[in-house]
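Model the full structure from these sequences, guided by the hints.
Residue numbers (the working numbering), protein chains in the order written: chain P, 3 to 115; chain L, 16 to 131.
These are calculated hints, taken from the structure and not from any lab test.
Here a beta-carbon is modelled for each residue, glycine too, at the ideal position from N, C-alpha and C.
Don't take each hint at face value.
Just so you have them, the derived chain P footprint on chain L, three or more residues with Cβ under 8 Å [stated by the list, open to error]: (1) 52–64; (2) 118–129.
Which residues of chain P face chain L? A few of them, derived with a C-beta cut under 7 Å, are [as the list claims (entries may be wrong)]: (3) Pro-46; (4) Tyr-48; (5) Gly-52; (6) Phe-105.
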Amino acid sequence: DAKTTQPNSMESNEEEPVHLPCNHSTISGTDYIHWYRQLPSQGPEYVIHGLTSNVNNRMASLAIAEDRKSSTLILHRATLRDAAVYYCILRDGYGGSQGNLIFGKGTKLSVKP
Amino acid sequence: DAGVIQSPRHEVTEMGQEVTLRCKPISGHDYLFWYRQTMMRGLELLIYFNNNVPIDDSGMPEDRFSAKMPNASFSTLKIQPSEPRDSAVYFCASSFPGAPYQETQYFGPGTRLLVL
Chain P
3 DAKTTQPNSM ESNEEEPVHL PCNHSTISGT DYIHWYRQLP SQGPEYVIHG LTSNVNNRMA
63 SLAIAEDRKS STLILHRATL RDAAVYYCIL RDGYGGSQGN LIFGKGTKLS VKP
Chain L
16 DAGVIQSPRH EVTEMGQEVT LRCKPISGHD YLFWYRQTMM RGLELLIYFN NNVPIDDSGM
76 PEDRFSAKMP NASFSTLKIQ PSEPRDSAVY FCASSFPGAP YQETQYFGPG TRLLVL
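Shown next, in the form of structure tokens:
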């Protein structure tokens with residue numbers, strides 16, 4: 003499976019936008035980019051996913067570079083509740099299996115009031 | 016919807032004892048996953064089922080671990096005998112088949128296991 007690289011930690015101020023980067027230089031053409039987050043003492047929860055085009059949902063936006071070697075998760079207005087570990091995960095869209103959610107270390111986001 | 020339900024939420028046991036963790040997936044989901052999370056190894060997939068059948072158990076650490084899914088609404092993860100290095104948070108997740116490799120996994124709150 004292709005690997006992702008994320009900063010260990012980031013800080014943000016409440017009500018400001020947050021851009022969480024993810025590098026995946028060895029991504030294949032069929033890999034989907036998924037983001038999950040894990041709030042303290044909770045299980046991971048799905049945030050967003052995409053393949054080539056930028057994606058928006060009620061939680062966040064996902065901006066994917068044209069060469070797909072990197073992506074950015076955008077939280078438009080961070081709240082204290084967004085403090086979590088954010089995981090960028092590649093899902094093999096060719097020959098992979100349902101179970102291939104491989105979590106790295108993620109980025110720990112802190113939000114200051 | 017109640018989401019994925021796990022029990023117990025916390026378990027403290029002594030080395031050598033049998034431990035059974037339980038999971039009820041979201042109704043209608045036909046994939047069920049067991050994960051383990053530790054500080055050292057992060058989140059790792061142990062095993063997953065499709066339609067109650069184990070598909071991939073390559074992540075199960077050793078023979079002391081076993082998992083079953085007797086029906087669509089219940090699964091167990093058993094450790095016998097337990098060892099201190101099994102101390103971790105164990106998560107159960109479920110999903111239904113959407114577009115391939117785009118399906119979402121829904122995680123339970125986890126069981127925090129401490130083996131003394």
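Handout entry: Violating hint indices (sorted, rising)
Key = 5
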